[in-house]
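Asker: Sequence:
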Amino acid sequence: MSKKTYLISFGLIFAALISDAIAQQNQQDGKLSERNFERADYYRERAQVNAQSALDYPFIPYQTGRSESIDYVALTHQIQILAAQLQAVAAEAARLEQQKSNITPGLELPSAGSGLEAFGPEGPTEKSVKVLLEYRLMVSGNPRLKVGPIKEEGENIRAQIVTENGALVDEYLINKNNGVWSPVR
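Residue numbers (the working numbering): 90 to 274.
One or more hints might be untrue.
In silico DSS-like links for lysine-lysine, alpha-carbon gap of 27 Å or less [what the hints assert, rightly or not]:
1) K265 / K235
2) K219 / K240
3) K216 / K240
4) K216 / K235
5) K265 / K219
6) K265 / K216
7) K265 / K240
8) K219 / K235
Calculated directly from the structure, the hints in this document are not laboratory data.
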C-alpha cells in the first residue's frame, strides 16, 4: 500500500468513526431530550396537583359541552340579594358602633341610659364625667388606675385615665351635645 492510499483510507476510517460518534451522541441527545420532556411533564402534573390541593374548593375543569351564555337575570337577582345582605350587616355594625360609643368605656353604665341621661339633668360636665370615670374604675377593680385631669374644651370635655405614677392610659373626648365618648388615641 502506498502512503497516499494509506492516508486516504485512514482519513476515511477516521471520518467514519467521527460520524458514528456524532450519530451516537445525537441519538443520546434525543433520548435525553425525551427524558427531559417526560420529566417536565411529570413536574407539570405535580405542580397542578399541588396547586389544586392548595385551593379551599374543589377543582372543576372547564367542560366544552355546556352553554356559554350568561344568565343575566339570575346574576342580577344574586347581586340584589348580596347587596341587601351587605346593607343589613352595615346597618347592624353602625348601630352597634353607635351603642358602643354612647357608653362609658369599660363596663356598662350603672343603671342609667346611654347618652345624655347618664350624666344627669345638666348633661356632661367636668364633675359628672369625673364621677362616672371614678365609678367605672372602682367597678373594674384596678386600684392602680385613677382619674386624671378633666378639662372643658369648647363643645367637648377631655378626660384622662392615668396610673398612680401619672402615666397616661386612656384619653377620651366627651361631646357635650350628645354624650358620645370618643377615644383620642
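Asker: What's the verdict on K265 and K235, does the C-alpha distance respect the 27 Å limit or exceed it?
Answerer: Holds - the C-alpha atoms of K235 and K265 are around 22 Å apart, at most 27 Å.
Asker: For the pair we were handed, K216 and K240, check the Cα-Cα distance against 27 Å.
Answerer: Satisfied, since the Cα-Cα distance of roughly 10 Å is no more than 27 Å.
Asker: Given the hinted pair K265 and K216, is their Cα-Cα distance within 27 Å?
Answerer: holds, 13 Å
Asker: Taken at face value, is the distance from the CA of K235 to the CA of K219 at most 27 Å?
Answerer: holds, 10 Å
Asker: Quick one, are K265 and K240 close enough, alpha carbons at most 27 Å?
Answerer: Measuring from Cα to Cα gives roughly 12 Å; hence the hint holds.
Asker: Quick one, are K219 and K240 close enough, alpha carbons at most 27 Å?
Answerer: Status holds; Cα separation ~10 Å.
Asker: For the pair supplied as a hint, K265 and K219, is the alpha-carbon distance within the 27 Å limit?
Answerer: Satisfied, since the Cα-Cα distance of roughly 14 Å is no more than 27 Å.
Asker: Regarding the pair K216 and K235, is the alpha-carbon distance no greater than 27 Å?
Answerer: With a Cα-Cα distance of about 15 Å, the restraint between K216 and K235 holds, given a limit of 27 Å.
Taken one by one, the earlier hints all hold for this structure without exception.
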